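The task is simple: from the sequences and hints, build the whole structure.
At position 154 of the sequence shown the residue is numbered 154 (full-length UniProt numbering), and the sequence of numbers has no breaks.
Be careful, since some hints might not be right.
What the hints assert, rightly or not - Below, computed lysine to aspartate or glutamate pairings styled on EDC-like, alpha-carbon distance capped at 20 Å:
#1 K67 - E77
#2 K57 - D95
#3 K67 - D9
#4 K67 - E53
#5 K155 - D144
#6 K57 - D136
#7 K27 - E131
#8 K155 - E139
#9 K67 - D92
#10 K67 - D82
#11 K99 - E131
#12 K84 - D37
#13 K99 - E163
#14 K84 - E113
#15 K57 - E23
#16 K166 - D92
#17 K57 - D108
#18 K84 - E38
#19 K84 - D74
#20 K27 - D108
#21 K57 - E30
#22 K27 - D9
#23 K166 - D95
#24 K27 - E16
#25 K148 - D137
#26 K67 - D37
#27 K57 - D137
Keep in mind the hints are simulated off the structure, nothing from the lab. No experiment lies behind these values; they were computed from the predicted model shown.
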Amino acid sequence: MYENIWYRDLRGRTFEIGEDDTEQNVKVVEMLTEGLDESMAQMLVRANGRIQETGTKVMVLISYDVKPDNFDIDDLEDLQADVKFHRGLEPDIIDLLFKIGHGPGRIDSCFYEQAEISPCPGGFIYLDAMEQVPGDDVEEIMDDLSDKELLSIRKQLAYILNELGKIKVTMGVNILVSCNMIE
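Shown next, in the form of structure tokens:
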């Protein structure tokens, strides 16, 4: 169905972050996940990276536009407005999660226009670079967790959703998070 969709190996790719006097280069070292968000006509990537100038390990969230003609999208202008809206919220969400102690600190958020050889020439690549945090991928260790540990994770997720609900955030998966969901 999606013959024109590009799954890209971004390992080794370097992205420039920061402003003129704080410019740094983040190199993608390891791709952790890659998935297609059909509602936004975007590919979503979670990766580990390294700041080239300092050697600092970072977490990287990358989303890039793919050609919308593969999807059931009626209005391209509406799609672009939705993407812009969601991308405007992501740095705020990352900052909020850090503030409440449930996420890494954000180093920078930026975007780039895709070149002619990209999946969607004229589209955009969006990047959030964050501090690397210790821990394990819950999906990988889920079967080994005790009931008490799973309950702790559920409580933490409920707290996060409640905090996000206070600002009425619409997540990238198109779920309106509301305080009423938890009460």
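Hint by hint, here is what the structure shows:
1. K67 - E77: Status holds; Cα separation ~14 Å.
2. K57 - D95: Holds, at about 19 Å.
3. K67 - D9: 18 Å, holds
4. K67 - E53: 34 Å, violated
5. K155 - D144: Judged against 20 Å, a Cα distance of about 18 Å means the pair holds.
6. K57 - D136: 16 Å, holds
7. K27 - E131: 14 Å, holds
8. K155 - E139: This hinted pair holds, its Cα atoms lying about 17 Å apart.
9. K67 - D92: Answer violated: K67 to D92 is near 27 Å, above 20 Å.
10. K67 - D82: With a Cα-Cα distance of about 15 Å, the restraint between K67 and D82 holds, given a limit of 20 Å.
11. K99 - E131: 13 Å, holds
12. K84 - D37: OK: K84 and D37 at ~15 Å, within 20 Å.
13. K99 - E163: At roughly 10 Å apart (the allowed maximum being 20 Å), E163 and K99 satisfy the hint.
14. K84 - E113: Measuring from Cα to Cα gives roughly 13 Å; hence the hint holds.
15. K57 - E23: 16 Å, holds
16. K166 - D92: 13 Å, holds
17. K57 - D108: 14 Å, holds
18. K84 - E38: 16 Å, holds
19. K84 - D74: 17 Å, holds
20. K27 - D108: 14 Å, holds
21. K57 - E30: Holds: K57 and E30 sit about 11 Å apart, inside 20 Å.
22. K27 - D9: 13 Å, holds
23. K166 - D95: 14 Å, holds
24. K27 - E16: 9 Å, holds
25. K148 - D137: 17 Å, holds
26. K67 - D37: 12 Å, holds
27. K57 - D137: Satisfied, since the Cα-Cα distance of roughly 17 Å is no more than 20 Å.
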